[in-house]
Amino acid sequence: MATPLGSLRRLLLAPSLHSVSFAGREFPVTPTPATARLEAIPQSVVIGFEWGIETRGTAEVERRLAMVEPELRGFAYEGAVMAFTVRDAVRGHRTRELVLGSGRPHFFLAYIGIGFAMARLPRPLWRKILPDLDDIPFHPTMSWLAVDGYGFDRAYFDTARWVDGQYRPAPYPWDGHPGYFLRAVDQGIGRALWFIHGGRAPAVAAAVERFTEDRRADLWSGVGLAATFAGGATATELAGLRDTAGRAGYAADLAIGAVFAIKARHYAEFVPEHTVTAASELTGLVIDEAVDLADRTEVERTGTGLVPQYELWRRNIRAHFMSAVVAPSHEE
Numbered sequence: 001m002a003t004p005l006g007s008l009r010r011l012l013l014a015p016s017l018h019s020v021s022f023a024g025r026e027f028p029v030t031p032t033p034a035t036a037r038l039e040a041i042p043q044s045v046v047i048g049f050e051w052g053i054e055t056r057g058t059a060e061v062e063r064r065l066a067m068v069e070p071e072l073r074g075f076a077y078e079g080a081v082m083a084f085t086v087r088d089a090v091r092g093h094r095t096r097e098l099v100l101g102s103g104r105p106h107f108f109l110a111y112i113g114i115g116f117a118m119a120r121l122p123r124p125l126w127r128k129i130l131p132d133l134d135d136i137p138f139h140p141t142m143s144w145l146a147v148d149g150y151g152f153d154r155a156y157f158d159t160a161r162w163v164d165g166q167y168r169p170a171p172y173p174w175d176g177h178p179g180y181f182l183r184a185v186d187q188g189i190g191r192a193l194w195f196i197h198g199g200r201a202p203a204v205a206a207a208v209e210r211f212t213e214d215r216r217a218d219l220w221s222g223v224g225l226a227a228t229f230a231g232g233a234t235a236t237e238l239a240g241l242r243d244t245a246g247r248a249g250y251a252a253d254l255a256i257g258a259v260f261a262i263k264a265r266h267y268a269e270f271v272p273e274h275t276v277t278a279a280s281e282l283t284g285l286v287i288d289e290a291v292d293l294a295d296r297t298e299v300e301r302t303g304t305g306l307v308p309q310y311e312l313w314r315r316n317i318r319a320h321f322m323s324a325v326v327a328p329s330h331e332e
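First residue of the sequence shown: 1, per the working numbering; consecutive thereafter.
Incorrect hints may have been included.
Below, in silico cross-link-like pairs of lysine to any residue (SDA-like), each with a Cα-Cα straight-line distance of 25 Å or less [claimed, not checked]: (1) 128 / 97; (2) 128 / 96; (3) 128 / 171; (4) 128 / 303; (5) 128 / 168; (6) 128 / 179; (7) 128 / 163; (8) 128 / 138; (9) 128 / 59; (10) 128 / 172; (11) 128 / 173; (12) 128 / 139; (13) 128 / 92; (14) 128 / 300; (15) 128 / 62; (16) 128 / 102; (17) 128 / 180; (18) 128 / 104; (19) 128 / 176; (20) 128 / 307; (21) 128 / 169; (22) 128 / 90; (23) 128 / 57; (24) 128 / 311; (25) 128 / 306; (26) 128 / 66; (27) 128 / 247; (28) 128 / 100; (29) 128 / 301; (30) 128 / 170; (31) 128 / 87; (32) 128 / 72.
Read the hints as simulated data drawn from the structure, not as lab findings.
Make a model of the complete structure from these sequences and hints.
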């Protein structure tokens, strides 16, 4: 049940559905049924945020989230986690309760929701917004997805500065690795490029190429994650995206993002057909093979080296694709 204070918070903090639409953001997107489906993703995040920011506890939010269709439910959880993280920055443990409860299948996207909250909170508060999620085996390795979410948010809502101007924020010692912070931000920016250009593979590829070369590998990885998890492109378009990345030397980076997207979809126990298609076109693997690759290359949860465990996992996946030709599984 919404409270008067919650309704006021929603009025002050929740963006409108139009403000996150492609037209509202003035993105160069020609409306089609595919882009409308893609556009429903940020709108689902807003709906989840509205529920999370205005209701008293988690139970009511969970009941509402359960009514969202499976393909979009994880994105609504992103929004709810974003709202709970903003509220927990003042007081509470709502985020932990939600993620360890009904949000467990959407654990990967929950981190991204935390990143969305980071974009709205001052940096001094960041040190206490990551809840204790040690009961989930991928924590804290995958907490870098929060930084990814932060980069996505900034690119989506401040495109002129973060994409056109190629702005880079100051490093931050996330998980004790300030040097990796900017790379994870770029992975999020790469995901945002997929939405900014409405899943049009040639435009997305051209956008990546406008960035300096040292940033492109992480940008391509983000593109692969978005294309595989969110959809929006046909098999032919995805094949063209793979070929473009391959000619530039980034096919393996594109595939890394795709593998993590497949793992996240599989973990949530709902794999849409567009993810199956992207798995074939961007990795040359079927779903079970991609999940197996992610599982057998996984690293220890914690480490003390100069490179975060998350990046070590990514390197293991990359090594697989560097040692094999990335081609659609249906080709001979």
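Task: Unmet hints by their number, sorted upward, for this structure - done: Numbers 7, 26, 27 and 32 - these are the hints that the structure violates, sorted from lowest upward.
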